[in-house]
Amino acid sequence: MNKKQKQVITIGIILIAATFIIWLLAGGDFFTKTQILVEKEVTELDQMLGVTPQKEYQDSFVFGLVPPGLVYTAEMISVATLSGVILLISGLFYFKYKTKT
Amino acid sequence: MKKILKTSFVALAAITISFAQGFKIETTGEQTFNFEDKRNQATFFSTTPLEDVTGISNAISGKVTFDVSDINTLTGTISIPVASLDTGIELRNEHLASPNWMDAEGYPDIIFKIKGVSDVKVEADNKLSAKVTGDFTAHGVTKEVLADVTMTYLVESEQTKKRAPGDLLGVQASFNVNLSDYDIENMLIGQKVAEEVKIDIGMVGSNAK
Chain A
528 MNKKQKQVIT IGIILIAATF IIWLLAGGDF FTKTQILVEK EVTELDQMLG
578 VTPQKEYQDS FVFGLVPPGL VYTAEMISVA TLSGVILLIS GLFYFKYKTK
628 T
Chain B
38 MKKILKTSFV ALAAITISFA QGFKIETTGE QTFNFEDKRN QATFFSTTPL
88 EDVTGISNAI SGKVTFDVSD INTLTGTISI PVASLDTGIE LRNEHLASPN
138 WMDAEGYPDI IFKIKGVSDV KVEADNKLSA KVTGDFTAHG VTKEVLADVT
188 MTYLVESEQT KKRAPGDLLG VQASFNVNLS DYDIENMLIG QKVAEEVKID
238 IGMVGSNAK
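Chains as they are written, first to last, in this note's numbering: chain A, 528 to 628; chain B, 38 to 246.
Quick caveat, the hints were computed from the structure, so don't treat them as lab data. Where hints are given, some of them may not hold.
Unchecked claim - These stretches of chain A come out as covered by chain B in the derived footprint (C-beta under 8 Å, 3 or more residues):
id, segment
1, 544-558
2, 567-578
3, 581-595
The beta-carbon is built from N, C-alpha and C at its ideal position, and this holds for glycine as well.
When you get a sec, could you build the whole thing from the sequences and use the hints?
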């Protein structure tokens with residue numbers, strides 16, 4: 528392993544570690560989400576009628592560990608897919624910098 | 038003799054009161070409430086080893102009928118289309134509607150049919166809490182469930198008219214079901230879902246004709 532290959536591996540490991548740190552900071556959800564559940568405001572009449580606050584899914588991105596599906600592009604952004612891409616690119620550069628003997 | 042008659046009358050009155058618990062409001066007689074408001078909501082909550090799953094539906098429909106002075110006369114049916122359930126993840130919604138889960142094509146509706154009322158407690162003149170027994174049908178299987186229900190009756194006023202015409206009935210119900218009772222596979226996008234699912238229903242109906 529030459530100096531450039533070591534650099535490629537180091538950068539790859541740092542980037543993968545960074546995705547994990549971002550994931551933890553984002554809440555550590557298992558699935559990436561494009562919608563989150565929020566409670567709507569309760570009206571005075573709702574309070575009088577004794578019903579609990581209504582909930583709804585609103586568009587919002589949550590970075591997860593794995594993609595829940597492959598329907599939307601945003602769903603695919605996750606620790607697993609980003610790490611896979613980093614590994615792939617690192618591998619390509621690793622072989623590119625391989626010193627021919 | 039007078040004493041016996043007096044005691045009998047008191048006992049009869051006590052029995053009548055205990056069996057005829059209802060709302061103490063201006064409206065009287067039998068009332069039918071329709072639940073068609075899109076703000077009505079059913080929530081299905083479950084857990085997996087990795088995260089919680091909440092499904093919501095705003096497509097509740099149905100009606101209930103009861104004598105205002107006696108909630109034990111309560112009858113009615115509430116239904117929710119399976120296809121209306123939203124879990125916030127498109128693929129999970131597809132799994133939920135698939136034949137292994139709720140089978141939206143084969144069994145399009147989740148239905149709760151009221152069978153009886155017990156343990157009625159008068160919380161206020163216009164508010165009652167009770168246990169409501171009903172037949173809960175999902176995935177083509179019907180089982181009896183017991184729901185904790187709170188009902189609040191609001192006689193029509195300028196404030197209630199802003200939401201809907203007629204008197205309003207607010208209903209908050211909660212009960213649990215076991216997936217295995219309804220022949221439902223408990224895997225959802227590769228995750229094992231807890232056997233027990235908590236169902237909450239919050240809805241407001243109107244008696245306007």
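For each hint, the structure was consulted:
1. 544-558: With 3 residues closer than 8 Å to chain B, the segment 544-558 of chain A meets the three-residue bar; holds.
2. 567-578: holds (count 7)
3. 581-595: holds (count 5)
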